[in-house]
Amino acid sequence: MEIIRTSDLKKNYTLGKVDVQALNGVDSSIEQGEFIAIMGPSGCGKSTFLNLIGMLDTPTSGDIYIDGRDVTKMNGSARAEYRLKHIGFIFQFFNLFNELTAIENVMFPMMLNKQPDHKERAKELLNIVGLGDRLHHLPSELSGGQQQRVTIARSLANSPKILLADEPTGNLDTRSSVEIIELFRKLNLEQGQTIVMVTHSPEIGGKADRIIHFRDGKVMEG
Amino acid sequence: MSVDLRSALFYSKRDIFKNKKIFIFITLSIIFATANIIAVNALMDGMIYDFVDNTVESSIGHLNIYPDDNERFIDGLGLKEQRLDGLNEVEAYSSRLSASGVLSYKELSAPIVILALDPEKETKVTELLQKLDRGAVINSNDKNTILVSYRLAEDLKLDVGDEADLAFENGDVKIYSVKGIVRTGDKDFDSSTVIMPMNEANRQLAIDNSASVILVRLSDKELAGTYKPVLMRELEVNNVRTWEEETGFLLSFADAWKGFTAVISSVGLIAAAISVGIVIYINVLHKKRQIGIMKAIGAKDSFIFAVFIIEAALFGVIGVSIGNVVGYLVTRYMEAHPFYDAIMQTWISARFGYYLFYNATIVSFTVTILAGVYPAIKASRVDIIKAIWGR
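Sequences listed follow chains W and G, in order. Using this note's numbering, you'd call the opening residue of the first sequence number 1 and step up by one each time. Using this note's numbering, you'd call the opening residue of the second sequence number 1001 and step up by one each time.
One chain only, chain W, in its complex shape (with noise of 0.2 Å):
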C-alpha cells in the first residue's frame, strides 16, 4: 500500500540574489513498510525532499499524498497536527530539549497529543531503545548515541505512520550508528514502522530496503 507519493514536486529557494532550484520535478512512491534510503551528493535535494514529505516546507509546486492525501493544501496549523499525530523527525543534530529529561522530552509529543499513558508510553519506548536505565538523565549527560535513541523514542511517541530521519548518523562514532541502524531495521521488522532516511554513506544506506537516489533536484533511474 502506497503512503507516500509526490508528483512533479518543485521547491525554488531564493538565497541572496541567486534562485536556486532545490528540487525539480519530483516523481516518487513510497509503500507503507519500507525502509528507505535516500542518497546523493551534497545540495541535490535529498533534506529538501525530506522536509516536504514531512510538512515542514510547502513545495513551489507539485502534489504530496500522504496516505492518500494531499497534505499541499493544508494550512499550518493542519500539517501541524498532522506532523503531531503520522510524522516522526529524527535529526542529524539530536535535538532534544536541554531543560527535559529523557523521559520528559520522549513524554513531551504525547501531551502535545492528550494522549493519557504518556509517562508509561516513552517509558516502554525508552526501554524498546536501550535507555530504560537513562530516563531521568539530562541530554547533557548522555552520550550522542543515546541521545539520538532519546530522539528515535521521542519520534516513535505518538505511533507515527512515517518515520523520517535526516542523517540520523552522521553526527555519531561507527559503533553508535551501527547500533542506530539496527534500531531502524528492527523497527521495521517488527513494527512495520515506514522510515525514510537520508544518508552520506553508502554503508548505512545499504541496510536499507531501497535506495532513492537524487542528483541536481531530480530522483535518478536506479
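Treat the hints loosely; a few may be bogus.
Stated by the list, open to error - Dumping the calculated DSS-like pairs for lysine-lysine here, alpha-carbon to alpha-carbon at most 30 Å: (1) G:K1288 <-> W:K161; (2) G:K1174 <-> W:K123; (3) G:K1121 <-> G:K1106; (4) W:K207 <-> W:K73; (5) W:K119 <-> G:K1013; (6) G:K1124 <-> W:K85; (7) G:K1018 <-> W:K85; (8) G:K1124 <-> G:K1106.
Honestly, the hints are just simulated from the structure, not real lab data. Predicted model, so just to flag it, every value in this text is computed and none were measured.
Please build the complex by placing chain G on the supplied structure of chain W, with the hints as guidance.
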C-alpha cells in the same frame, strides 16, 4: 484555536527554572518593582493622611462655624457657647478672634494677624498651643504676654522674653512680652501670627461677645458630615464647614502627589518589564532551534506563544507574590518606625491599606505579561526550516 495549556505550563516551568541566575535576576526585578509600588504609595498615603490629621488637629475643628456672608464676626457668642454646651456630640469648642495689627521690635516691624483665643478651651480642641518651639504657653488671664509665630520672630529678631510694640487696628499700641515661639509648619501661619488671650484682645479691640470662628470638636470626627446640619439648626448659623471641606485643598494636593508617586513607581516597573522582556527575548533567540524542533514535532504557533506568555506569567506570579510580602513588611516597618518631619514638627509614617496589594498585583502582573508578548510573538513566528538548520 485550542491550546494545550497543561503541556505549555509543563515546558515553561522547566524552562524558567533551568537557569537559576537569570530566574533570580528577573524575579528580583519584579519583587523590587512590586514592593516599591506598595511601599512608596503607603508612605505617600501616610504622609497625606498624617498631614491632614495634623492640620485638623492643630488648626481647625471637626466643625468650624464662621460668620454669615458679609459679616466679620459671629455675634451672640455667649448664647451660642451655651447651646454648644448642651449638645451631646460636642466634646469641646474654642472661639477665636482674628484681627490685624503691626508688631515692632527695635527698628524692625511687620504686619501681623492677631489670633485671640482662650488657651484652656483651645487646648481641648486643637494641638496649636502644643506646637511651641520654645518658651511657655499663655494663660487666659495674661495681660502683657503674647506668643509669636516662628518666622515672624525670626524676621523681627525676637526671642522669648523680648518686649515688642503691638499696634492694634484701632490705632492703640501696647508693649507685650514674648512668652513663647510657636511653630506649626503652616507657612502662612508661621510667618505672621501673634497669639494672645481672648480677654486681652476683647479689652484692646473693644469687642465683646463676638468671634471670628468657633472651632468645634466632636466625639468622633467622622460624625462631622451628619452633625453639621444639627449644629446649623441648633445654633441658628448658616456658615459651617466640616474638617473635610476645610482640608479639601490638601486632598486635591494629595491627588497630584499621588500622580507623581505613580510616575516614580512606574519607572521601577518599566525597568522590571524591560528586564523580563529582554531576558525572554534573548531566551527566544537562544532557543530558536528548540522552537523549530517543537514545531517540527507538531506544536502549533499558538502553543509556542502560550509557552512564552506562561513563562512571563510565572515570573509575574512568583515576583509579584514575593514583592507583595516584601512591600507589606517594608510598609509595616515604616509604620512602626515613623520619620520625624522637623519642618512640620510631626511624625510621618507609612499607612498600609489592602488596596495597595490589589493595585501592585494588577499593575505588576499586567506589565510583566505585556513584557512577554513581543518575545512570545517572535517565538511563535520562528521559521521551522531556518531554525532547525540554523539558517
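So, against the hints stated earlier in the document, which numbers end up violated here? Numbers 2, 3, 4, 6, 8 - these are the hints that the structure violates, sorted from lowest upward.
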